[in-house]
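Listed below, chain by chain, are the residues.
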Amino acid sequence: MSTEFDAIVVGSGITGGWAAKELTEKGLKVLMVERGRMIEHGSGYVTETLAPWEMPFRGEGDAALYARDFAVQSKNRHFTEFTQNHFVNDRDNPYSVAEGTEFNWWRGYQLGGRSLTWGRQSYRMSDYDFGANKKDGHGSDWPIRYADLAPWYDHVERFIGVSGQAEGVASLPDGVYQPPMALNVLERYAKGIIEQRWPDRRLTIGRTANLTQEKEGRSACQYRSICARGCSYGAYFSTQSSTLPAAQRTGNLTLITDTVVERVDYDARTRRATGVSVLNVKTGERRRHTARIVFLNAGAFNTNHLLLRSGSDAFPTGLGNSSGLLGTHIMDHATTVGAVALFDRFQDRTTYGNRPTGVVIPRFRNLDRQEGDFLRGYSFQGGALRSTWTRAKREAGVGADFKAAMRGPGGWRMVLVSFAESLPRPTNRLTLDLSKTDAVGAPLLKIDFSHGENERKALADAGREASAMLTAAGGKVVLSLDRPGAGGSAIHEMGGAMMGDNPRTSVTNRWNQLHDVPNVFVSDGAAMASSACQNPSLTYMALTARACDAAVRLLREAKI
Amino acid sequence: MDNRTRDAGGAGRRQFLMAMAAAGAALTPVALWAQVRTGADAPAAKALAPSQQALLDRVADLTIPDSDTPGALAVGVPAFVALALAHGLEGAGAPVPAARFTGGAAPEGATVLDWLTFELDLKTGGAFLAAAPAAQAQALAALDGAAYAPGGPPGGDASPWRVLKGLIVTGYYTSEAGASQELQYELVPGHWDPDVPVGPHARAWSNDWTAVDFG
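Top line first, the protein sequences correspond to chains A and B.
The opening residue of the first sequence carries number 1 in our numbering; numbering runs sequentially from there.
The opening residue of the second sequence carries number 1 in our numbering; numbering runs sequentially from there.
Note that these hints are calculated values from the structure, not bench results.
All of these numbers come straight from a predicted model, not from anything done at the bench.
Idealized CB from N, CA, C, for every residue including glycine.
There could be a bad hint or two in this list.
To be verified - Covered stretches of chain B, as calculated for chain A (at least 3 residues, CB under 8 Å):
hint : segment
1    : 54-64
2    : 71-85
3    : 88-98
4    : 115-121
5    : 124-138
6    : 158-169
Using the sequences and the hints given, assemble the complete structure.
Here's what the structure looks like:
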């Protein structure tokens, strides 16, 4: 059967860009469909070089507007007046949450998706993670192990450029790194104390997709740390800086923006997807595109939403849902402030430049022996800094002396933020809210998610340990929290189409194909079978590259 | 209501407050607040009344005065504060509850500027704007001291002054002079140095965004 394209990629974010690059480089004619607007690399980053005094609300933004149109998005730390155009309007893009629950669903509907605003932390999962479901029985056993993904992690890191330090820590496997950004003077000191007192712990610089060396037309980082505005230097990985130009160079890519995929079209006779039905949100035009394979990279929850909305007589509860598990076992990370401490040391030292990464203390709990009253583990991210002018809001004083006292750098403080693994639970799930529809008549996605007792126990342990480490390093702890924020707060929402070998207990197989519809690949966060406790985007990218390789092989073998 | 009427109202408020101060500030009857408020602000109008504008100018100037760099008044902080109040930045849009007022009474929907006017007038014997500069500075310092006192002020929530001072501080250090003369601003540092000495005349970085968020 002739098709308009070889492949359709739904979404242009972190994994959509990767699917487009890999498939076009392997010779496929690819259509990439983005629901949001075009943002050109460089010229599209309209606030990139502006100073606070050039912004109407000095960078803080219009609180009245945010309350009305960005009630959820504005709670994101990276949401500012400079970056608000990289986040969705909540009023125009509603979703439901189950009664009594809260979920911060932070999204960016534009070319590049959240690759423009992501935190850039790039970590591998280890066999502690890939083996976790099998070991303790939560969720579906991963159909792959570290060895399956390791070469694809290499492949991705080489292309996107990750700066970091190899450490030989079993829970956080080393990768292919550009030179690391340096720890600052207090972080280096704290590292020495912590590693001496706790030999099984390691404090290392955050492994970040910010370049420390020029790479293929992309500049090294300029240490501005305003990444989420967009970076015309191309110094961090985004679709625009990296995968899109690579895909476009092949001449095999067709990109359309402002176009929502409303359903994946399915032919019950061939048991294959035939393509997608789309709506141009600017013109209102609806049409179909056909292809031999479809990659779903819409962002974990939107990929679930699309599958749930693509039901048919063959699949009445959603495409590929013969298991009944589609939408279940969704996860995030449970996160809170482990500890903040003030330090008297190094008052005569400071830093120059804005380093766009912090430090990480990889998971050390429950690795080869069970230590706490909770399963799996947590890790810390944070860093040390000297306060600046915002301290003037909380310090007493007015007048000339106050002004003079606020002129110099403020005291040192160090922060450790806890990220605990989210257990995969069948009760945490996505469904369609058939009682409410969006502007184009589609039923809303309903999110029913709660952190559990395991996550609360892990965060309690993390708070104690963060406080102990910062105290040992000479700090005075002024804040330590152990209750997780609302679901979604780690911006690591994932799962719903979990991978597994058994079609009755999982939704996607070891190559990210829907068990039920083998020419549909789900390679964004939806396919995750467990969450680990590290930032997941690098794993999504590696899974996508691996799935693309498999897809092309299967096409050539005429198996799909 | 035109500006002249508002000023007349402002004078009425001063008379009222002077009388109250003379009486030891024992009471702030809600009925009399109506009179005070006639000069404050028409609900529909976002522009500040001249008396409130004058108060904001003076308080901004007292909080961050001119030195070898311009102060808050010189760089236009009052205009930012007025905008911030109108749009509710940093929680500034919320009405101030009566319990926050000395004496425990206030009209419905009293704003932070109503509160500031009331408290500063009270501390200066009835007319803050007419008081001698030293008395004004003393009154504001007393207000600030109470707002930041350990254990916090009575009433639980932070003093409304913390909200206003926060806006003054934000307005100042995000102004061009505040950010780049009083402090340092460098859009493109170009490199990272993890350990440099702090000189005797060191200035903090206004664009250390991580420190702005977490410092």
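Verification of the hints:
Three residues within the 8 Å Cβ limit are the bar, and the segment 54-64 of chain B against chain A gives 3, so the coverage statement holds. Remark: the segment 71-85 of chain B is confirmed as covered by chain A, as 4 of its residues place a Cβ nearer than 8 Å to a Cβ of that chain, reaching the required three. Coverage of the segment 88-98 of chain B by chain A holds. Counting CB-CB distances below 8 Å, 4 residues qualify, and the rule asks for three or more. With a cut-off of 8 Å between beta carbons, the segment 115-121 of chain B has 0 residues touching chain A; three or more are needed, and the interface restraint is violated.
Counting residues of the segment 124-138 of chain B whose beta carbon lies closer than 8 Å to any beta carbon of chain A gives 1, which falls short of the minimum of three for the stated coverage. A count of 4 residues in the segment 158-169 of chain B with a Cβ less than 8 Å from any Cβ of chain A is obtained; the coverage claim is therefore met, three being the minimum.
Consistency with the previously given hints fails for numbers 4, 5, ordered from lowest to highest.
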